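Let the hints inform the model, and build the full structure from the sequences given.
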Amino acid sequence: METIHKIGRRKTAVARVYLKEGKGNITINKREFENYFPTGTLQYKVKQPLVLTENETTFDITVNVFGGGITGQAEAIRLAISRAMCTLNDDNRGILKPEGLLTRDPRMVERKKFGQKKARKKFQFSKR
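Just add 451 to the spot in the sequence shown (first one is 1) and you have this note's numbering.
Source of the hints: derived by calculation from the structure; they are not laboratory data.
If you're wondering where the values come from, they're calculated on a predicted model, not measured in any experiment.
All clues given are correct.
Taking lysine-lysine pairs in the DSS-like style, the calculated list, with each CA pair at most 30 Å apart, reads:
no., residue 1, residue 2
1, K563, K578
2, K498, K457
3, K578, K564
Printed below as a string of structure tokens:
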């Protein structure tokens with residue numbers, strides 16, 4: 452089996468995932484998976500497509516991720532792994548699609564407007 456390469460995005464985070472046969476090791480930016488995502492919630496998000504398709508110990512995954520925050524990066528990795536699982540086996544699509552793991556979340560940060568404090572918040576108006 453050759454290496455499968457897929458891209459996932461969330462907010463401003465971009466994750467490139469390289470999937471190949473192995474023992475279930477996950478390396479993110481040349482660091483251990485548990486060190487990069489210390490909380491259980493983020494670890495669960497990343498492993499979710501592997502658990503649902505029962506491939507936790509079948510593949511070695513190497514990830515390059517940049518941009519955004521830690522949650523956005525975890526969700527970008529999850530999308531990329533889900534896409535790789537669908538490339539691997541078409542039956543996985545029926546498992547991952549109802550869980551919403553193949554949908555790219557389109558929500559982005561709204562830009563700050565001129566003459567305002569933030570995107571929606573206005574400067575305080577004081578009448579004396």
